[in-house]
Amino acid sequence: MLKKIFSYKNPQNLIVLMNILALVLLFLYKDQYDRLILISGVLLMFIIYISNFILLKTSSGDHYIFLIMGMLVSIGIIMIYRINSTIGFKQIVWFGISMIAYFLAYMIVKKGKGWQRWTRYYAAGSLILFLLTLVFGTKIKGATNWIRIGNHSFQPAEMIKLVFVFFLASYYVNKDRLLNKYVFLGIVYAHMAFLFVQRDLGTAMLFFLVFMTIFYIYEEDRKLIYYNLLGAGVTAFFSFLAVNHVRIRVETWIDPWRFIDNKGYQITQSLFAIGTGGFFGTGVGLGHPEFIPEVHTDFIFSAICEEMGIFGGIAVIMLFLILVYRGFKIALNQQNQFFRIVALGITAMLGFQAFIIMGGVMKLIPLTGVTLPFVSYGGSSLLSSFAALGILQVASEEIESEQEEEHEHRIQEDH
Amino acid sequence: MFNILSLVFRYLFIVIIYLFIFGIIRLIYLDIKSIGGSSIQEDTYLKLINRKDTLPFKVKEVYPLSANVVIGRKNENDIVIKDPYISNQHAQISLDEEAYFLEDLESANGTYLNGERIMDAVKLKNGDRIKIGQIEFLFVAND
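Taken in sequence, the protein lines are chains H and A.
In terms of UniProt numbering, the first sequence opens at residue 1 and continues consecutively.
In terms of UniProt numbering, the second sequence opens at residue 1 and continues consecutively.
Chain H on its own, in the form it takes in the complex (with noise of 0.2 angstroms):
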């Protein structure tokens, strides 16, 4: 019986069986036997298996995106909860804010209209976003990308990135919305410029990457390609000549030992922990992951790989694999060249931002400082990941409502 219910035919009952199994260990964590792991893993439990059951019954698209989410969501909190139980339990709550912004933004963008048309209304929506976290933006672990609103901060570039999505997808739809290439050009690289003022280099890199994704599938200019490459990597070389800030991070990439005690300190730490986790990791609570600062938000990964071992952070970049996997399968499938491009779009920032801060705590690349989807705390990181995953689940179905004559059509067009 017991053997049945949990088979890896169902996998949403191993999410179950981990979190029941991470609800018992964390209950006897340090002899607290607080009552608050009981009611927030009672409460975890509940958000993810109602709403993969309200999915079930309601989307006719991909269920396997939203099981993976599950799974990495559910490592993230057992970690953030064992390195601090307050801010293990508002990531719960922000887990069950981003589920409610997780369905709203399928219905919305499910029944709004006319999405391709307003290429110009999210070039300026984004370039005032940007100006406002200038203006008002306060200087947080430094960079100047949070906007305060009483005793809540919020990052507005954790926005624009599905804005930005967006503008790239409605521009390839229809370019005559925008004067001629270059305009599009500017705007896209405002963007970036943006970012590297506010010294977000990680974000301005991602952005960087997903606009490279989609402009060299669906530009027809392949010049244009290459010269964009080539002046990104001028660009990139002269500003570690130039950018103290940019130096630094390539500087403690090539050797972190020499800068051990103050600027290399975070990512020799890191490299430390994942070192000490050996393959099975020391064991959930028997690490020591807080000696790395900003564990639980950009080095979450470094932490698992402690405690979870290298099997538990090969599992993660696994689970991430098969996320991209499907998202590109449901690329494919989509027959909407809007929806098309946003949901390849939404897949490489996906991907492209967990291979960035993955790589970056394993000095496989310069660390920058982005969060790791659905695992990493942070209330807007965690917000904009799963809006686009519920965006990503409208383009996994179909999206033509004269769904008959749409079938009949493929049917003639397979001969």
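By construction, these hints were calculated from the structure, which means they are not laboratory data.
Using N, Cα and C, we set each Cβ at its ideal position, and we do this for glycine too.
Treat each hint with caution, since some may be false.
What the hints assert, rightly or not - Only part of the chain A face toward chain H is listed, based on derived beta-carbon distances under 10 angstroms:
1) M1
2) L5
3) F9
4) Y18
5) G23
6) I25
7) R26
8) L27
9) P56
10) Q134
11) E136
Add chain A to chain H, keeping to what the hints say.
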């Protein structure tokens, strides 16, 4: 106490995560496998209406029809579908004087044509929906 538990649980966590990944990959594999070789030459075929990834068993997107085809759960049938709601020998589609006829082979859950349960052999025309167990097919005949 906590330490021992944690040391044991670390293996459990990894086993669960990998089982989960295996489960997802298995579902995706079933999904991909059913796409393969779907090039259609035949004029008459059955096309699946359900989305393949919602079904936990192997089923192809397109089944070409020959003179006489039996659908069922047993391996001897021409079209084998391992749906628990399908009987061993469920239904038969046969060619008779240039027309295809659908016939129920006394299955437990019945065969439905355009939403109505069939009692006797029925002549099929292009665009008919055939429901067997959880699966729904579109009958396509191009002359």
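Okay, the hints, checked on the actual structure:
no.	hint	verdict
1	M1	7 angstroms, holds
2	L5	6 angstroms, holds
3	F9	5 angstroms, holds
4	Y18	6 angstroms, holds
5	G23	4 angstroms, holds
6	I25	7 angstroms, holds
7	R26	7 angstroms, holds
8	L27	7 angstroms, holds
9	P56	7 angstroms, holds
10	Q134	14 angstroms, violated
11	E136	12 angstroms, violated
Checked against the numbered hints given earlier, this structure breaks hints 10, 11; the rest are met.
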